[in-house]
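Colleague: The primary structure of each chain is shown beneath.
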Amino acid sequence: MSEYIMQTKNLCYSYSDGTKALDDINITIKRGQTTAILGGNGAGKTTLFLNLNGVLNPSAGKVVYDGKTIEYSKKGLTALRQAVGLVFQDPDHQLFSASVYQDVSFGPLNLRLSDEIVRARVENSLKKTGIYDLKDKPTHCLSFGQKKRVAIAGVLAMEPEVLVLDEPTAGLDPKGVGEIMRLLKGMQQDLGFSVIIATHDVDIVPLYCDYVYVLDEGKVALEGSPNEVFAKAEMLRNLHLRLPRIAHLMEILRKNDDFENGDFASTISQARKEIKTWRENLRLS
Amino acid sequence: MMISIDMYAYASKLKDINPMEKLALAFITLCVCLWANSIIISLAVLLIMTWSTIYQGGIPGTVYLKLLLIPMGFLILGVLTIAIEITPQPYEFLGSIYFFNFYLGVSKAGLITATQLFFRALGAVSCLYYLSLNTPMMDVMSALRKLRCPKLLVEMMSLIYRFIFVFIATAETMIIAQSSRLGYSGILSGYRSLGTLISSIFIRSYQQADKIYTSLESRGYDGELNVLEQHKAYSLIGYLKVFGINIFLISLTAII
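Chain order of the listed sequences is U and S.
Note that the working numbering has the first sequence beginning at 1, numbered continuously upward.
Note that the working numbering has the second sequence beginning at 1001, numbered continuously upward.
This is chain S alone, in the form it adopts within the complex:
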């Protein structure tokens, strides 16, 4: 799933927009959505972000929906525990069932809180999806660098990001090699193969790190991974849009 998000980010039509702009849109809107705590605002955020991601970014709707279903599972479970109350006495319940000495029921207030929470969380998730589906990881890191995020942290992020793919490719070939020799044909052999896979990947990673260090050194590495980024056009209109959308959302809260 992570890899497909990465793939869509590089294919997105919004890829070349200044990452700072997208970061601003995602985070300011996210904050407004969390602050407003109203179903209408949450729905508006969800709508705006989904529209931006699908129509402006060109991410396939089915993919987006599937991605949205992932947090939905957790969300529904979490919301259910809020909506359903357990009390010894029946209390303003819209409906309830008697269960031993307790009442399991749903109250109007609980239902409203649950729905609010559900849409609030979904709106927040859509903001984050807007960012991650339209911004390649390297751009996110470049924005973090500009925001004076600690250098070491960003360097670590970029190395981890780069080598996750090498790591996955190595693991994949190893798993294929193991299964081609019936390594995963039974439960016992499966566990044994998994064990050897993990230990050999660990050793491989260690060797890889050593080799990378050597090659960095040969290019004059002196403790800092200095790199230049490509300029991305900075647009005032983009920022105006960010503020426009959020002022609209905030004034919407005032109206309701």
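Here chain U stands alone, though its shape is the one from the complex:
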């Protein structure tokens, strides 16, 4: 068992019209961690994901899963698609059946499992994603957030080792964002899979992610832990991104209000700790 569940080595991908979508991408995904792929629109996040799942074949370079280079044979692809589950941004692009139950059963059935096992998996993933009571509802009567959960359940039923989500929070209300992210975290703790999320919602990154890659024009522009990446504010802004609100506030306090903080803070709890220490220090001096 390799320490890295997924790796890409010098991965390049060009579309048939010649656009170079990915250019020499090297990323490593640690087992059991949540990795964020940050990037503005058109940075190549979705293309990267389609390469990870073997839907697209790299033009050059390779994708490595659990220490082994992906084989693009029928057998190799089936194994890969079981291991790496892809949740698309728009659930209407993923849910093909008008029945929630049937849609969730599609993936595991393609793994040639017996009907009993598939049924058990479908029920289990419907319960895990909190939509068991929706199983009799037609897809077109669900809200966007509910459809998103069905899309996640459909992939979860394949019991992947890596769950890849394209913009999991896009189009959700603030409560929905929190719910989906907590759901993912909880399931990750239960089932121990690794998560890769593409997002431009920088506020969720310090809260839920362990490692960050920033893509720009098909290249990895920055990488590191969330705090390492968000310490490079100017660079992020050049890449059509911004700091998390809290990190931005801390930056302003530091620049304009003589605030001194030791550690970098980009979440509310980190910032609170820093501000308290600062207050203590002021009182002592």
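Calculated directly from the structure, the hints in this document are not laboratory data.
As the structure is a prediction and not an experimental result, all values here were calculated from the model.
Check the hints yourself; a few may be wrong.
[Stated by the list, open to error] Using 30 Å as the maximum straight-line C-alpha spacing, the simulated DSSO-like pairs for lysine-lysine come out as follows:
#1 U/K128 to S/K1013
#2 U/K137 to S/K1146
#3 S/K1211 to U/K185
#4 U/K68 to S/K1211
#5 U/K75 to U/K128
#6 S/K1146 to U/K135
#7 U/K127 to U/K137
[Stated by the list, open to error] Pair by pair, the computed Cβ-Cβ distance ranges are:
#8 U/T69 to S/T1173: 40 to 50 Å
#9 S/D1210 to U/A170: 12 to 22 Å
#10 S/L1047 to U/S143: 20 to 30 Å
#11 U/A170 to S/I1164: 16 to 26 Å
Where is the CB? At the ideal position from N, CA and C, for every residue including glycine.
Assemble the complex: chain U is given as a structure, and chain S must be docked to it using the hints.
Modeller: Relative to chain U, chain S alone:
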């Protein structure tokens, strides 16, 4: 209208009954109704189906009536052409009017055929409404699958059914967006907007199909949309009811 039928089917109290049972009831009764060709049988079928749909299924009576009025329009037009005969000589007419060199009239035989046809068609429609108002589309498809309907056909049906709703939602937002910019304020601009609407929906659908294919592929699609259905309780009593009703109808024809 299609969407409201779909909505009522999911809300029906008969929703969880095995679709095969409902299919059997609707189609066998339909055949008996067509075969018997008698006003009394047709009325009995209409009554049984309406009762099942409204009382057992819980579909609002006014909705049912409105739905029944849709085929009624066509039916009345069709029946009128049968009832009214045009002949050069007056012929066993109950009443007629002279019109240039012709007689426009209604004969007793014609009137009976027309009434028979009217109620026969209405009875048949009520059978189909019983099925479509109480059975969600997905269940109809699952029954078709069990009846060994070609797989491709059922797959196409289920994809079309799913994406009709996406299609309608897209079209609706586009129409709203267009009208909010006065796209339908005049006849000319209306036609222009409709044209762009249709072409952009076509392109959208094409893109959507492409994306669906990608996402199906990522879940291991290999040319067949295999899905599992939920078990629906199978009840012998249900089938007995189907046969009971039809034997009753058939013996009714013998009595009259």
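Colleague: Are the hints correct? Go through all of them and say.
Modeller: Here is what the structure says about each hint:
no.	hint	verdict
1	U/K128 to S/K1013	holds (29 Å)
2	U/K137 to S/K1146	holds (22 Å)
3	S/K1211 to U/K185	holds (28 Å)
4	U/K68 to S/K1211	holds (28 Å)
5	U/K75 to U/K128	holds (29 Å)
6	S/K1146 to U/K135	holds (21 Å)
7	U/K127 to U/K137	holds (15 Å)
8	U/T69 to S/T1173: 40 to 50 Å	holds (44 Å)
9	S/D1210 to U/A170: 12 to 22 Å	holds (20 Å)
10	S/L1047 to U/S143: 20 to 30 Å	violated (41 Å)
11	U/A170 to S/I1164: 16 to 26 Å	holds (25 Å)
Violated hint for the displayed structure: number 10, the only one.
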